[in-house]
Amino acid sequence: MWRYALKEGGRWALALAGAFLIAVGISALSVAKGGYGPALAQRLLAFLRLDFGTSALSGQSAIRELAAHGPTTANLIAFGALIALALGVPLGLLLGTGAVRRATAPLIQIVSAAPVFCAGLALAYAARHIGFQESAAVFRALLLPSITVGLAGTAAVQVALRRAASQAQDSPFRVGLRRMGLTAIEIERVYVVPQIFAGLLSSLGEVMLALLSAAVVSEWVFKCPGIADLFVKSIALHDWNMAALILFVFAALTATAEFIGRIAARLLVRAAS
Amino acid sequence: MSIWRRILTTAGWSGLGVIAVAALLSEFLARNALGAVHAGPSLSPPSEQFPFGTDFLGRDLFSETLYGLSATVAQAGEAAVLAVLAGGLLGFVTAHLPRPSGAVLRWAIGTFAAIPPLLLAILVIAATTRGFAGLAAGLAAAPLAFVRAFDRARGENRSSHAAYARATGISASALLNRDLAYEFRDTFLPTVARALAAVAIILSTMSFLGFGAVPPHRDLGLMIAAAKGSYMQAWWTAAFPALALMAFVLLARLAAGLDEGERP
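So the protein lines, in turn, are chains A and B. Read in our numbering, the first sequence has 84 at position 88, and its numbers run on one by one without any break. Each number in our numbering comes from the position in the second sequence (counting from 1) with 3 added on.
Be a bit skeptical, because a hint or two may be false.
[What the hints assert, rightly or not] Okay, derived cross-link-like pairs now, DSS-like style, lysine-lysine, Cα gap no bigger than 25 Å in a straight line:
| no. | chain 1 | residue 1 | chain 2 | residue 2 |
| --- | --- | --- | --- | --- |
| 1 | A | Lys219 | A | Lys229 |
| 2 | A | Lys29 | B | Lys231 |
| 3 | B | Lys231 | A | Lys229 |
| 4 | A | Lys229 | A | Lys29 |
[Said to hold, decoys possible] Restraint ranges, calculated between C-beta atoms of paired labels, are given here:
| no. | chain 1 | residue 1 | chain 2 | residue 2 | range |
| --- | --- | --- | --- | --- | --- |
| 5 | A | Gly33 | B | Pro49 | 56 to 66 Å |
| 6 | A | Leu17 | B | Ala14 | 43 to 53 Å |
| 7 | B | Leu100 | A | Arg266 | 30 to 40 Å |
| 8 | A | Gln163 | B | Gly38 | 44 to 54 Å |
| 9 | A | Leu44 | B | Leu32 | 53 to 63 Å |
| 10 | B | Val21 | A | Ala82 | 34 to 44 Å |
| 11 | B | Ala177 | A | Leu17 | 50 to 60 Å |
These are calculated hints, taken from the structure and not from any lab test. Even for Gly, the Cβ is constructed at its ideal location relative to N, Cα and C.
Given only the sequences and the hints, what does the whole structure look like? Please build it.
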């Protein structure tokens, strides 16, 4: 286990280092008038001193801007993740079985083809015509964006679970356990379910990427002043320091989710076996 | 591949063929010229005269959706080719490089795969110009395609047939050529379709956010963005371009053989 954790820790550190270098490369665009090479060296030294520069939009330090906008995005992703788990886990488990999957496949394929911004606009339209948006400001501020992000996460969660369920279905250990005298329910409960959830945990990076991607669009559609919205504005106005820091945060979040997920998956499988 | 999956894949490619023909013939099929204003009353609902209705400038939405679909398909085609070459093919070849150089490239490009492709595309556009939307979407979709192709090829490279081939003195380049031929035969079309679905979503979202198509050349994303102010009262202004976009993405997903909910 320790060897595995060290290997995964190394991969995580390399991913963070890569994200750091990308951020330095983008940030160097802000001071590249005297040539990109010297600008790169200057920004690399500054980043190593944890000086992420100032936002060209507000004149404040990029870190302070990030801290100001961060909670909105964090809330959005946290609520989105809750919705993704609440919907994605039962959906993934249900769709793991053949008959239900065949019946629902066309509908889910159609829903999966909808880009996030279309889903966001459709939700806003539905909320307005049901009368929710006028009655509660919280719908516009948090619930609708969270549902949009959550739906994108739901797709990622149910795919990860279904993939794991299909792998567990074909595992040779089932036959061996049955020959040892275990009942089908015991095999499912003690061995298969942990395998399936370990599959979900291994795909945590993918789920995080889906949530972050959806957060960018959702914040724009619903005018939430989070860091994803800030990224779009920073890019539009060539505020490279801000854009670099946000990209670093997003890449670091994905890499960290992947690292934690893989370790947790390994622990879960070990605990079950 | 099951018969059901085969039918869906065939349906996907047939549908993409129909969309490609409609996009090519958009000038003939459209009832009005591109961007022709006051073709009808403003915000007229779908009717016999205007099957998709009109927008706030009185443009015929049927014609505009056809032009928008044509622009989206053309750009998505370019971007998908780039994503397949810079992602899939490069990933496959990199997996056959000596271990240190392959691992360094996998790490470098894999780092980009941890960033949402939409943000990468927007970044490329900001560093270049909005005319390069296709290039930006292709480059943004490439890291994920690279990682998938690299991991698949690395697995094949470690398989028993590769070990036997090396043991019998077959050179690395001959093995690469052989694997490439099989890769092309087995996964080229699904990879292209997958890339089409991915870049169509990236391109339309970029245009929706204001980083993609430049007016008067409106793609579906820009049409939906333009409808933001009117769609609450006139649903058809956003619904038909969105349905056209969804149909294109759905057919590309089916052609790629993607599972329900799977990311392209």
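To see whether the hints hold, each was checked on the structure:
| no. | hint | in the structure |
| --- | --- | --- |
| 1 | Lys219/A - Lys229/A | holds (12 Å) |
| 2 | Lys29/A - Lys231/B | violated (38 Å) |
| 3 | Lys231/B - Lys229/A | holds (19 Å) |
| 4 | Lys229/A - Lys29/A | holds (22 Å) |
| 5 | Gly33/A - Pro49/B: 56 to 66 Å | holds (58 Å) |
| 6 | Leu17/A - Ala14/B: 43 to 53 Å | holds (44 Å) |
| 7 | Leu100/B - Arg266/A: 30 to 40 Å | holds (35 Å) |
| 8 | Gln163/A - Gly38/B: 44 to 54 Å | holds (51 Å) |
| 9 | Leu44/A - Leu32/B: 53 to 63 Å | holds (59 Å) |
| 10 | Val21/B - Ala82/A: 34 to 44 Å | holds (39 Å) |
| 11 | Ala177/B - Leu17/A: 50 to 60 Å | violated (36 Å) |
In this structure, the hints that do not hold are numbers 2 and 11, in rising order.
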